[in-house]
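Chains G and U, in that order, are what the protein sequence lines are. In this text, residue positions in the first sequence follow this note's numbering: the first is 2, and each later residue adds one. In this text, residue positions in the second sequence follow this note's numbering: the first is 13, and each later residue adds one.
Worth flagging that the hints you see were computed from the coordinates, not collected in a lab. The reader is advised that the hints may include incorrect statements.
Pairs of lysine to any residue, SDA-like flavour, derived with a Cα cap of 20 Å [to be verified]: (1) 336(U) - 80(G); (2) 42(G) - 369(U); (3) 36(G) - 371(U); (4) 36(G) - 400(U); (5) 21(G) - 339(U); (6) 336(U) - 81(G); (7) 36(G) - 369(U); (8) 36(G) - 406(U); (9) 21(G) - 368(U); (10) 21(G) - 371(U); (11) 246(U) - 229(U).
Just so you know, these numbers come straight off a predicted model, no measurement behind them.
What follows is the residue order along each chain.
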Amino acid sequence: MSQHTPRTDHQVIAQWVAPKSRVLDLGCGDGSLLKLLQTQKQAHGYGLEINSENILRCADIGVNVIEQNIDQGLTNFDDNSFDTVIMSQAIQTLHNPDKVLLEMLRIGRQAIITFPNFGFYKTRLHLLLNGRMPVSEILPYEWYNTPNIHFCTFKDFDVLCTDLNLTVKNREVVAQGKQASKLQYLLPNLLGETGLYRVTKNNHPT
Amino acid sequence: MSTVPTSSIQKNTHAHPADASDNVGIVTPKSMTFDTPLALASGDVLENYDLTYETYGTLNANKSNAILICHALSGSHHAAGYHSYNDKKPGWWDNYIGPGKPIDTRRFFVICPNNIGGCDGSTGPASINPKTGKYWGQTFPHMRVRDWVHTQARLADTLGVTTWAAVIGASLGGMQAMRWALEYPDRLRHCVVIASAMNLTAQNIAFNETARQAIQADPDFHEGDYLNQQTLPKKGLSVARMVGHITYLSDDGMGEKFGRELRSGSFTQGENELVEFQIESYLRYQGKKFSQTFDANTYILMTRALDYFDLAREYNGSPAEAFKHAQCQFLVLSFTSDWRFSPERSHEIVSSLIRADKDVTYAQIDSAFGHDAFLVANQERYRALFNTYMQNIEIAP
Numbered sequence: 002m003s004q005h006t007p008r009t010d011h012q013v014i015a016q017w018v019a020p021k022s023r024v025l026d027l028g029c030g031d032g033s034l035l036k037l038l039q040t041q042k043q044a045h046g047y048g049l050e051i052n053s054e055n056i057l058r059c060a061d062i063g064v065n066v067i068e069q070n071i072d073q074g075l076t077n078f079d080d081n082s083f084d085t086v087i088m089s090q091a092i093q094t095l096h097n098p099d100k101v102l103l104e105m106l107r108i109g110r111q112a113i114i115t116f117p118n119f120g121f122y123k124t125r126l127h128l129l130l131n132g133r134m135p136v137s138e139i140l141p142y143e144w145y146n147t148p149n150i151h152f153c154t155f156k157d158f159d160v161l162c163t164d165l166n167l168t169v170k171n172r173e174v175v176a177q178g179k180q181a182s183k184l185q186y187l188l189p190n191l192l193g194e195t196g197l198y199r200v201t202k203n204n205h206p207t
Numbered sequence: 013m014s015t016v017p018t019s020s021i022q023k024n025t026h027a028h029p030a031d032a033s034d035n036v037g038i039v040t041p042k043s044m045t046f047d048t049p050l051a052l053a054s055g056d057v058l059e060n061y062d063l064t065y066e067t068y069g070t071l072n073a074n075k076s077n078a079i080l081i082c083h084a085l086s087g088s089h090h091a092a093g094y095h096s097y098n099d100k101k102p103g104w105w106d107n108y109i110g111p112g113k114p115i116d117t118r119r120f121f122v123i124c125p126n127n128i129g130g131c132d133g134s135t136g137p138a139s140i141n142p143k144t145g146k147y148w149g150q151t152f153p154h155m156r157v158r159d160w161v162h163t164q165a166r167l168a169d170t171l172g173v174t175t176w177a178a179v180i181g182a183s184l185g186g187m188q189a190m191r192w193a194l195e196y197p198d199r200l201r202h203c204v205v206i207a208s209a210m211n212l213t214a215q216n217i218a219f220n221e222t223a224r225q226a227i228q229a230d231p232d233f234h235e236g237d238y239l240n241q242q243t244l245p246k247k248g249l250s251v252a253r254m255v256g257h258i259t260y261l262s263d264d265g266m267g268e269k270f271g272r273e274l275r276s277g278s279f280t281q282g283e284n285e286l287v288e289f290q291i292e293s294y295l296r297y298q299g300k301k302f303s304q305t306f307d308a309n310t311y312i313l314m315t316r317a318l319d320y321f322d323l324a325r326e327y328n329g330s331p332a333e334a335f336k337h338a339q340c341q342f343l344v345l346s347f348t349s350d351w352r353f354s355p356e357r358s359h360e361i362v363s364s365l366i367r368a369d370k371d372v373t374y375a376q377i378d379s380a381f382g383h384d385a386f387l388v389a390n391q392e393r394y395r396a397l398f399n400t401y402m403q404n405i406e407i408a409p
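If we strip away everything but chain U, and leave its shape as in the complex, we get (with noise of 0.2 Å):
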């Protein structure tokens, strides 16, 4: 230790994990507001509407390297990166994103939108409806997968990008990015699935319904119109949360990580005291972080999406025949423990494509973390493949 100059001592004890090599940095999101009314795929139309969103790395002359990240239920705009050093936690998909990453800020400029009916600066419940003065809540227009592609789209239009090197989502992101390849088929080169489906089971489904029953029962949720009587219905999207987490993690992996392990109590005989498990501690400490930073309303009509979304609705209920439509290559990625979006779906996707004759590479990968492995940092096969396959983009020079 003594021969260790102190300098570089004091620089490693205070740097922070922005300033890593491999890291975005400290990053500040960006709002426009869009002032053309949407015709949105329910029938309504918002007349206008702001989007928050935040870019990493450079776009180039020709505008050929722009990645567009679509978010997931519980997104946002936020997916790498900090926005200050006081903060602990870096965007969500900060593992993927950033420089020598799968997604490299040093070749790619990447876009990451929140979408509307989100909580995190774009226009959505939480918002002020302009006509009215007061909180949307559930007067919030209901949302369809096709409805965000409309709006990221234009915001493509704005930045001057005609056509994204890819598209890149995970789950309801997914979900997106297979509907942009659909609706602007020569608007991206490159649709990146991953651990997503081209519609919900009806298992799916009825998690879905249970988490917006939990948060409708909540006697602080006032029909949804809770932000006018000035309240919260916490308890409720606690609950909705917690039954979210579980079907996000795998019985394994649960069982690695918490296994029957107590955090409280004990089984003694003779002892009375209340025994709690730390998956308890855990899953109640989850749902409450979550209940104090995300809008019940949002959750409501991001499930609800999820469930409407159903990428052959519109081409007699044949996936091959809706592929058809796409011109871009895909890359399909599904993980062996998820059972939310299980393997077998992302295989249907591939099967899909070969049908209607399109370029496709799909793995699935092995995984103890479920469905949220596609955050999961340090899954080599994982990262290797989604590198390799980023690096064989073309970015015209």
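Here chain G stands alone, though its shape is the one from the complex (with noise of 0.2 Å):
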């Protein structure tokens, strides 16, 4: 397997994550994340999947697996029994975010959530102009087929916060898969691609 350049959000999220950490990361994807914080930070993670080819990814590059749908639930796992839960572009397929942002910081210490930022500039042109569904690169579904059914944006994920009385401890840019540039931070509702949050229940101490 070609050692290629980490994913600049998983990098973001690897300096999230302490070492040795217990992690849970749910809808993990082909398993990159966790390899890639199992070599960096020893930490020991597991991965929630659904899709049979990722669940396969996963079982080849030795990361722990677990097929379950988060939709169904997250009742097995213990309150507290997690460092860090991790959602990384999976909230906006959800069927209940609110419910599961809750479930995350029942079960780990700390959230770490990343989701396509549906206010970024080239998402409203694309509504705006073509009056149809924005479909992008990151984006490559139409409307009735997309998995994608709960969008949001920095602005709508920050009150999703403020409602459930969650302390946004860090917050990321990122846009053409880079990090972002300063003009990003200043406007990420309008040109962060990305967003990246690292969340913890209120006065929690982390």
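Each chain sits in its own coordinate frame; assemble them with the hints.
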């Protein structure tokens, strides 16, 4: 397997994961993030996934993968049994993102969430100019076959965190696969392609 | 057709599946006698016993490629290959053991023993008790899963295998594999648990008791002393097997295979001939075939071992506490249509392993074959995942 450079969003996430911590990755995809956390942070991780090809890839690279549908609940995981619970580019596919977010912070001391920012200017322009639901490189689906059913913007996510009484510890912006420029930091909702959040329960010491 | 050379046609016609490049070929069972008394979980002591087993592949120089296969209720040591060219059927797990198969005999040295209490060569109720000169029958000691694990460890000792690359089992075999991880944590690197559970449900015990009652109600059973009475409780064992067989298949699978097809008779108005459904005939055939080759007392003993098994009994009833003792990595697999050992039961194993902070891979394979799915060939996802996991098991060169 070729040793390619880790994705920018994965590198950001790795900065937020403490060495040797216990990590749960909800919707772990091909396992590349968990593999990075294993090698870079000596984390002990588990990934939940429902796509059979992804499960096979995880097994192939030696990542702990569990076939489990997040939408059917996470009750088999104990309170505070993980240091970090991650959901990377999956929250927009869930039936109840708010409930899952609370579940993540029941199970883990901190939650890391990344999502495609629907407020990104290209997305806005697509709808404005074409009058059709946005299709892009990172959102390649048509409206009728997309697994992404709950889109949000940076602003929307901030509001959700406030409503759920959660503290945003860190917020990062990624655009065109790179960490954000100063301008993008100033206007994340317009210029950020991907949002990355580190969240804890309010008044959590972490 | 005319362009094909005659010689190749002849070769293909005579080719036996044992000669296929992915088959272990013709195999011969081995036997070993153990004279050191074995203290059983029941408190009984077995003074000596024979263990019949088969091996496939070659043990490497540093003995790091050995795999133990634990068989289920009606399995035996004959897991792969053929005993002779006259055999029509290969060993019970031939679909998954062989060159290029998930349990790849080009890489691994595979050992499958017949468990004691069995009836395929190892000492069991159908063996002669040396103290009495009579068949053991129901006087053969009760077995628990851990007893088999201990006999398998002794077998490993004699073969010079200190650590298994993997211990693999499905159903009752999966229970043995899990018990291995707790009893001898430093003697296995991987534990593969397929279509199994940490204990049986009440419904599952109920099916087993129904099977036992069928056997015991047969007038030829003679309280288990039938061999000394020179008879066999075939009818009872046949019904027991029929009950079991129903529970190993899924409703959909049975429906697809047999539906309401008739074997004989008809429902035409005015016709009085007795109607027989295909499924009746199939089940009776399976029951009859089984009752001629399997020992009824072994069936009772094995079902009891299933019923008694409780992984966490000695660990305050906490499976996570139990698994904390394990040191190996786990692969857990289940099948969607398996209602005898449902995916939920496998998921319980997985959740307990995560609580215990153990490495585990888990998949729930889509299959219409019910509990028997673990035996069935041509299930691409099952094969691919099993294969990938096994290939990643490291073997010291």
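Verify the proposed pairing of residue 336(U) with residue 81(G), using a straight-line Cα cut of 20 Å. Satisfied, since the Cα-Cα distance of roughly 18 Å is no more than 20 Å.
Does residue 336(U) pair with residue 80(G) here, judged by a C-alpha cut-off of 20 Å? holds, 19 Å
CA of residue 21(G) to CA of residue 339(U), is that 20 Å or under? holds, 18 Å
Given the hint that residue 246(U) pairs with residue 229(U), test it: the Cα-Cα distance must not exceed 20 Å. Answer holds: residue 246(U) to residue 229(U) is near 11 Å, not above 20 Å.
Within a Cα-Cα threshold of 20 Å, do residue 36(G) and residue 371(U) meet the stated pairing? Holds. Residue 36(G) to residue 371(U) sits at ~13 Å (cutoff 20 Å).
Going straight from one Cα to the other, do residue 42(G) and residue 369(U) come out at no more than 20 Å? holds, 17 Å
Pair hint outcome, residue 36(G) versus residue 369(U) [Cα-Cα no greater than 20 Å]: With a Cα-Cα distance of about 17 Å, the restraint between residue 36(G) and residue 369(U) holds, given a limit of 20 Å.
Given pair status - residue 406(U), residue 36(G), alpha carbons within 20 Å: This hinted pair holds, its Cα atoms lying about 18 Å apart.
Would the pair residue 36(G) and residue 400(U) pass a check requiring their Cα atoms to be no farther apart than 20 Å? OK: residue 36(G) and residue 400(U) at ~17 Å, within 20 Å.
Is residue 21(G) close enough to residue 371(U), meaning Cα to Cα at most 20 Å? At roughly 14 Å apart (the allowed maximum being 20 Å), residue 371(U) and residue 21(G) satisfy the hint.
Within 20 Å, alpha carbon to alpha carbon, are residue 21(G) and residue 368(U)? holds, 16 Å
Hint violations for this structure: none, all hints satisfied.
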